[in-house]
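Undergrad: Residues per chain, in single letters:
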Amino acid sequence: MADAVQTKPARSVVSFTAAGLRRGFASAQPLAVGVLAYGVTFGLLARDAGLSVLEAALMSATVYSGSAQVATVGGLAAGAGIIASVATVLMLNARYVLYGAALRPWLGQVPASEAYASLYVLGDGNWLLSMKARAEGETDAAFVFGSGLAMFLPWIGGTLIGSFAGDLIAHPEQLALDFLLIAFCAAMAIGLFKSRADLWPASTALLVALVANWLAPSGWTIVIAGIAGAIIAYLRHEDAR
Amino acid sequence: MTLRPDLLPLLLALTLASFACRAGGFWLMRFVIVTPRMQAALDAAPLAVMVGIVTPAAARGNPPELLGLVVIAAVMRLTRSDLVASLAGVATVALARWSLRVY
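Heads up: the protein sequence lines correspond to chains S and A, in order. For what it's worth, numbering that gives the first Met the number 0 labels the leading residue of the first sequence as 0, then goes sequentially. For what it's worth, numbering that gives the first Met the number 0 labels the leading residue of the second sequence as 0, then goes sequentially.
Hints should not be assumed to be uniformly reliable.
[What the hints assert, rightly or not] Ranges between beta-carbon positions, derived for each pair:
(1) S:A134 - A:I32: 32 to 38 Å
(2) S:L234 - A:A72: 27 to 33 Å
(3) S:D47 - A:A12: 19 to 25 Å
(4) A:R100 - S:A83: 46 to 52 Å
(5) S:W213 - A:F30: 34 to 40 Å
Note that these hints are calculated values from the structure, not bench results. Beta carbons: idealized from backbone N, C-alpha and C, even for Gly.
With the rest of the complex left out, here is chain S (with noise of 0.2 Å):
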C-alpha cells in the first residue's frame, strides 16, 4: 500500500467535531481563571453602576466585550447616549474584524451556522490559541467554538459573581489576573517566534505598537500593531521564497 502515503497536507481538510471542541476547551482553562476575574471586576462595576444582576449577566452574554462593557457601563453612569455608547463599542471591538478576516481560510470550510457560532464566542485569548493550533496543524474548526466557549462561560458567571457578591472576592490585581493575557501573549509570542521571516512583522508591530501607544494609548494600539504587522508580511512575502 506504498500508494497511500500520498497524502496532501492537513490544511485543506477541515471538521467541525465534538472532539475539536473539547480539545479547544481543554487549551483555554488557564485563560479562564483570568476571565473569570475579569468578570467579577466587571460585575462589581455594573451593580455600582445600577444594573441589576439580570441586567449585568445579560450584557455579558450579548455583548461579550471586557472593555467595551467597561466603557460602556461607564458611560451610562456618566449619561452616555445610544451613539455614544455603540461608538464606543465598535472602536473597542475593532480588533475583531481583523481576527475574523484572519479565521476565514479555515473557519470558512464549515457550514456557516457553526462558523457564525463560533464567531459570536471570539475573544482575544481564545482568537491566539486557535490560530496557534492552526498553525501547528489543528484542522478541526471546533477548536476556535470550544476555547470560545471556554472563555465565554466564566466571563459570564464571573459577571454574575461580581454583580451579587463582589465584596467577598479579593481585588484581582493582588493576584495579577490581569496580567495573565499579557503574560500568555508575551509566553506564545516568543514561542510562535520561529524564523527571521518573523522578524520584520514583529519588529514593525512593536514600532508602530509603541508610537501608537505613546500619541494615543487606546485598544486601538492591538488593531493598529495587528495591520503593520500583516501588511509587512505581505509586501515581504516575495523575500521569503
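Fit chain A to the known structure of chain S by using the hints.
TA: Showing chain A alone in chain S's frame:
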C-alpha cells in the same frame, strides 16, 4: 432581578455592534481570494497582535510587569512551555506588587 425595558434598545444596539465586529471581517473575506501572499499576511497577524497587547504594558514601565516579562522570557527559554512561562510571569508580578506595595 429586574430588567428595565428602557435598557433593552441599548443592549440590542450594543449586541449588534459587537457582533458586527466579530462577524464583519470573516464575512468580508468571502469576497477576497486568499492568495499565498494574503495567507502570509493573515498568518503574521497573531504574532503582531501579541506584540500589540504586550507593548503598552511594557511601555508603562512599572517594575512588577517588567520583571514579569523578563521571567516569562527566561522560563520560556528553559521550558518551551507557554503555560509554565506565563504562570511564572503572573506569580512574579503578584509577588513584586505585594513586596512593592503597589496594590
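Undergrad: Against each hint, give a clear statement of whether it holds in the structure.
TA: Each hint tested on the structure:
1. Checking the proposed 32 to 38 Å range against S:A134 and A:I32 shows it is violated: the Cβ atoms sit about 21 Å from each other.
2. Checking the proposed 27 to 33 Å range against S:L234 and A:A72 shows it holds: the Cβ atoms sit about 28 Å from each other.
3. A C-beta distance of roughly 23 Å is found between S:D47 and A:A12, which places it inside the suggested range of 19 to 25 Å.
4. For A:R100 and S:A83, the hinted distance range of 46 to 52 Å is not satisfied, since their beta carbons lie about 38 Å from each other.
5. Take S:W213 and A:F30: their Cβ atoms lie about 36 Å apart, and the range 34 to 40 Å holds.
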